[in-house]
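Visitor: Below, each chain spelled out in residue letters.
Number of protein chains: 2
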Amino acid sequence: MIKVALLTIGSELLDGRTLDTNVNYLAKGLSQNSFSVANILTCADQIDSIVDALTFAYQQDISLVITSGGLGPTTDDLTREAVAKFFQTGLIIDPEELAKQKKRYADRGREFPESNIKQATFPIGSQIIKNNFGTAPSFLVNKGNRWLISLPGVPSELKGIFQEEILPLISRIFTPEKIAQKRFVFFNIPESALNDQVSKLKLSEEIEVIYETSFPENKLILKSKNLPELQRASEQVLSLPAKEFLITCGEQSMLEVIHQELIASKQTLAIAESCTGGLIGKTLTDQAGSSEYFLGSIVSYHNSVKENILEVSSKIITQYGAVSAECALEMALGVRKKLQSDIGLSVTGIAGPTSGNEKPPVGTVYIGYADNNRSFTKEIFFSGTREQVRRFASYYTLGLLLKSNPKS
Amino acid sequence: MIKVALLTIGSELLDGRTLDTNVNYLAKGLSQNSFSVANILTCADQIDSIVDALTFAYQQDISLVITSGGLGPTTDDLTREAVAKFFQTGLIIDPEELAKQKKRYADRGREFPESNIKQATFPIGSQIIKNNFGTAPSFLVNKGNRWLISLPGVPSELKGIFQEEILPLISRIFTPEKIAQKRFVFFNIPESALNDQVSKLKLSEEIEVIYETSFPENKLILKSKNLPELQRASEQVLSLPAKEFLITCGEQSMLEVIHQELIASKQTLAIAESCTGGLIGKTLTDQAGSSEYFLGSIVSYHNSVKENILEVSSKIITQYGAVSAECALEMALGVRKKLQSDIGLSVTGIAGPTSGNEKPPVGTVYIGYADNNRSFTKEIFFSGTREQVRRFASYYTLGLLLKSNPKS
Numbered sequence: 001m002i003k004v005a006l007l008t009i010g011s012e013l014l015d016g017r018t019l020d021t022n023v024n025y026l027a028k029g030l031s032q033n034s035f036s037v038a039n040i041l042t043c044a045d046q047i048d049s050i051v052d053a054l055t056f057a058y059q060q061d062i063s064l065v066i067t068s069g070g071l072g073p074t075t076d077d078l079t080r081e082a083v084a085k086f087f088q089t090g091l092i093i094d095p096e097e098l099a100k101q102k103k104r105y106a107d108r109g110r111e112f113p114e115s116n117i118k119q120a121t122f123p124i125g126s127q128i129i130k131n132n133f134g135t136a137p138s139f140l141v142n143k144g145n146r147w148l149i150s151l152p153g154v155p156s157e158l159k160g161i162f163q164e165e166i167l168p169l170i171s172r173i174f175t176p177e178k179i180a181q182k183r184f185v186f187f188n189i190p191e192s193a194l195n196d197q198v199s200k201l202k203l204s205e206e207i208e209v210i211y212e213t214s215f216p217e218n219k220l221i222l223k224s225k226n227l228p229e230l231q232r233a234s235e236q237v238l239s240l241p242a243k244e245f246l247i248t249c250g251e252q253s254m255l256e257v258i259h260q261e262l263i264a265s266k267q268t269l270a271i272a273e274s275c276t277g278g279l280i281g282k283t284l285t286d287q288a289g290s291s292e293y294f295l296g297s298i299v300s301y302h303n304s305v306k307e308n309i310l311e312v313s314s315k316i317i318t319q320y321g322a323v324s325a326e327c328a329l330e331m332a333l334g335v336r337k338k339l340q341s342d343i344g345l346s347v348t349g350i351a352g353p354t355s356g357n358e359k360p361p362v363g364t365v366y367i368g369y370a371d372n373n374r375s376f377t378k379e380i381f382f383s384g385t386r387e388q389v390r391r392f393a394s395y396y397t398l399g400l401l402l403k404s405n406p407k408s
Numbered sequence: 001m002i003k004v005a006l007l008t009i010g011s012e013l014l015d016g017r018t019l020d021t022n023v024n025y026l027a028k029g030l031s032q033n034s035f036s037v038a039n040i041l042t043c044a045d046q047i048d049s050i051v052d053a054l055t056f057a058y059q060q061d062i063s064l065v066i067t068s069g070g071l072g073p074t075t076d077d078l079t080r081e082a083v084a085k086f087f088q089t090g091l092i093i094d095p096e097e098l099a100k101q102k103k104r105y106a107d108r109g110r111e112f113p114e115s116n117i118k119q120a121t122f123p124i125g126s127q128i129i130k131n132n133f134g135t136a137p138s139f140l141v142n143k144g145n146r147w148l149i150s151l152p153g154v155p156s157e158l159k160g161i162f163q164e165e166i167l168p169l170i171s172r173i174f175t176p177e178k179i180a181q182k183r184f185v186f187f188n189i190p191e192s193a194l195n196d197q198v199s200k201l202k203l204s205e206e207i208e209v210i211y212e213t214s215f216p217e218n219k220l221i222l223k224s225k226n227l228p229e230l231q232r233a234s235e236q237v238l239s240l241p242a243k244e245f246l247i248t249c250g251e252q253s254m255l256e257v258i259h260q261e262l263i264a265s266k267q268t269l270a271i272a273e274s275c276t277g278g279l280i281g282k283t284l285t286d287q288a289g290s291s292e293y294f295l296g297s298i299v300s301y302h303n304s305v306k307e308n309i310l311e312v313s314s315k316i317i318t319q320y321g322a323v324s325a326e327c328a329l330e331m332a333l334g335v336r337k338k339l340q341s342d343i344g345l346s347v348t349g350i351a352g353p354t355s356g357n358e359k360p361p362v363g364t365v366y367i368g369y370a371d372n373n374r375s376f377t378k379e380i381f382f383s384g385t386r387e388q389v390r391r392f393a394s395y396y397t398l399g400l401l402l403k404s405n406p407k408s
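Chains as they are written, first to last, in our numbering: chain A, 1 to 408; chain B, 1 to 408.
Accuracy of the hints is not assured; some may be wrong.
Short derived list, chain B residues pointing at chain A, Cβ under 7 Å [what the hints assert, rightly or not]:
no.	residue
1	R17
2	L19
3	S31
4	S34
5	F112
6	K200
7	G277
8	L295
9	S300
10	N303
11	V305
Read the hints as simulated data drawn from the structure, not as lab findings. Virtual Cβ for every residue (Gly too), placed ideally from N, Cα, C.
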């Protein structure tokens, strides 16, 4: 595998002001494209620190270093200078790039700030890589068997250039062996239980098995250069008892699958939320185009809203409590009726951190489902923080929708 | 300042499976306690890689290296071995710690797995640091002017030990000079505009000025060892025209301030959301105890919900459109009436990425406010992605609540 080191540059990373999401994005993208990241470094915007970090980075058979940050126009942007110093060369202004930068200001009727000349300056001999997502171009330097690419630190620019320019470029330069992968998303099964089941399969040695947890999902990824073996291993995974907890299989997220299925089946959806406070509606509407099926929701945080808007009878609340299967059922039926949707979903629970004396324990959640043919409830329990209980409950509700949804 | 390097160990960080939040947590905590993080490194669970990284880490006057990860009981947990090799010493089993580990299993009636002996093993001469948050103890090694602390990689354990044990310990060892800070949270003013105004103040050289952007907030932080100068600088900042965009001042977030004020003034709140899909309700209910004032919300994504539940007249929607000041006003009044709250808030807008032909452009959002004495609307525009428009609109709505809220 081609070995890569990542170097992110910026004082805001060292004092914790900014969480570095760039290295994770690059590491994932490189690894998915069959490069191996061997080291990650972060250093300050200082020429000597950057040179020291580059010197360390190229140890251990590293072919390529990718840097991020320090390409802006201000005096503390020093990546160009440090790269030139490391490769023992100078800096040069690229006339074509300078003309572009000047034109950008002229087009807006603004004066060109002298400090912006810096953004048209590059280490001598470097290849300029265009930036369709911002103003600072990226560049590639090669000397002997050492390659270096410098990307801007702004996450949206870095991600755009990486996908559009860098991945095709380094795939041409290094032609890494293609590794195919299969992805399985599980929910509500611990990673260790999944691991135990997968271990018993005794998969071929040509299959690399990777677990990835991003709460509340657990992902299993199989990688191999051998496509028939990969196909066979996937079928083995689908034969496991864990299949009951499989949410999606492939590159799509659960939300994308729900989105497509509801649009395809021309069904509408309404939700009654209590402990999740609006999170389920927010999650569904993260997807553009969700207005095709999502009519809306009633966030009935206070019992008066459950009674007055959702028409949950006060008897139910007095007798069983607002956190009960009975209440969840009435909420689902009520929201379906009031919003005139095909499907009604509901959630009521105790997210914590504390629960009233007579209520069920923190982490108890009831989910209700109602469509034209049937209605039912489900009791779940999740032990965790307030945020985790709410995320778990939202995910569970949407998973239930996916599994219960009568496709047209 | 005492210089620190951080080293995180784990293959899951190098291939992007896990986003490293530990280094950010440590960097922030160290920096707030007057330590300076000079380098951050990430390497694989391999003895030689760890030793190489430690060798690099102690360059440049580093007094202390903090590692995270690789303290578990399995064969790929190699931090203890690597630290011992780096300090040219051996490993030793600590009998007291071993007894504790065995007792933990005995108490649960389980057999002690041999591999767990590893968790009672330490580099010779190290000081054991107890772990109240998990099973792997942390340890401190000192040789000459080189100090090293190894923490477990599980974020909840790392955070707990860092606060409870490490911060007091290193503050005793290194006694860093205390630096005080003042924090100002701004919204809806670009960082560069804020910067221009602050630059003109010509603050004392004893004041360090830090900008921190976490969309949609811009934070300004002033740091100094000189308390009277810091106080004077804070007053200067509060005299800026930017004060108009100041949301909070101090360590509290906007949400925490809203939470306190609504509880103190005994007012209740109801929200009518459209383009935000539930995000505002979700944000308010992130705070435990929000049920004291938040009654609920109507997410009227589809116009039928605006008309049938919020009683927005169909004339308004036909004449002005669902994304209009007129509709926002009716939504705020409607939700206040239907949910019987003291304050009604509403949001309707075009989050994008596309807008219908006859609608206003993507990024246009109307906010409505209604209480017992008055009602009004506000038109805002934000050019950005769907997610950004939704987050900006939510934040703006809550900011408007904070500024408009008639305190009791």
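Visitor: Decide, hint by hint, whether the structure agrees.
Guide: Verification of the hints:
The closest approach between the C-beta of B:R17 and any C-beta of chain A is roughly 5 Å, which is under the 7 Å cut-off, so the hint is satisfied. Contact between B:L19 and chain A, as hinted, is supported at the beta carbon level, the nearest pair being about 4 Å apart and thus within 7 Å. A least Cβ separation of about 4 Å between B:S31 and chain A falls short of the 7 Å threshold, and the interface hint therefore holds. For B:S34, the suggested interface contact is broken, since its CB lies about 11 Å from the closest CB of chain A, more than 7 Å.
A least Cβ separation of about 19 Å between B:F112 and chain A goes past the 7 Å threshold, and the interface hint is therefore violated. This hint is violated: B:K200 has a C-beta 18 Å from the nearest C-beta of chain A, more than the 7 Å allowed. Among the interface hints, the one on B:G277 holds; its C-beta lies about 3 Å from the nearest C-beta in chain A, closer than the 7 Å criterion. At its closest, the beta carbon of B:L295 sits 4 Å from a beta carbon of chain A; the interface hint therefore holds under the 7 Å criterion.
Using the Cβ-Cβ criterion of 7 Å, the hint placing B:S300 at the interface with chain A is satisfied: the shortest such distance is roughly 5 Å. The closest approach between the C-beta of B:N303 and any C-beta of chain A is roughly 10 Å, which is over the 7 Å cut-off, so the hint fails. The beta carbon of B:V305 is positioned within 7 Å of a beta carbon in chain A (closest approach about 4 Å), and the interface hint is therefore held.
Of the numbered hints listed earlier, those contradicted by the structure are 4, 5, 6, 10.
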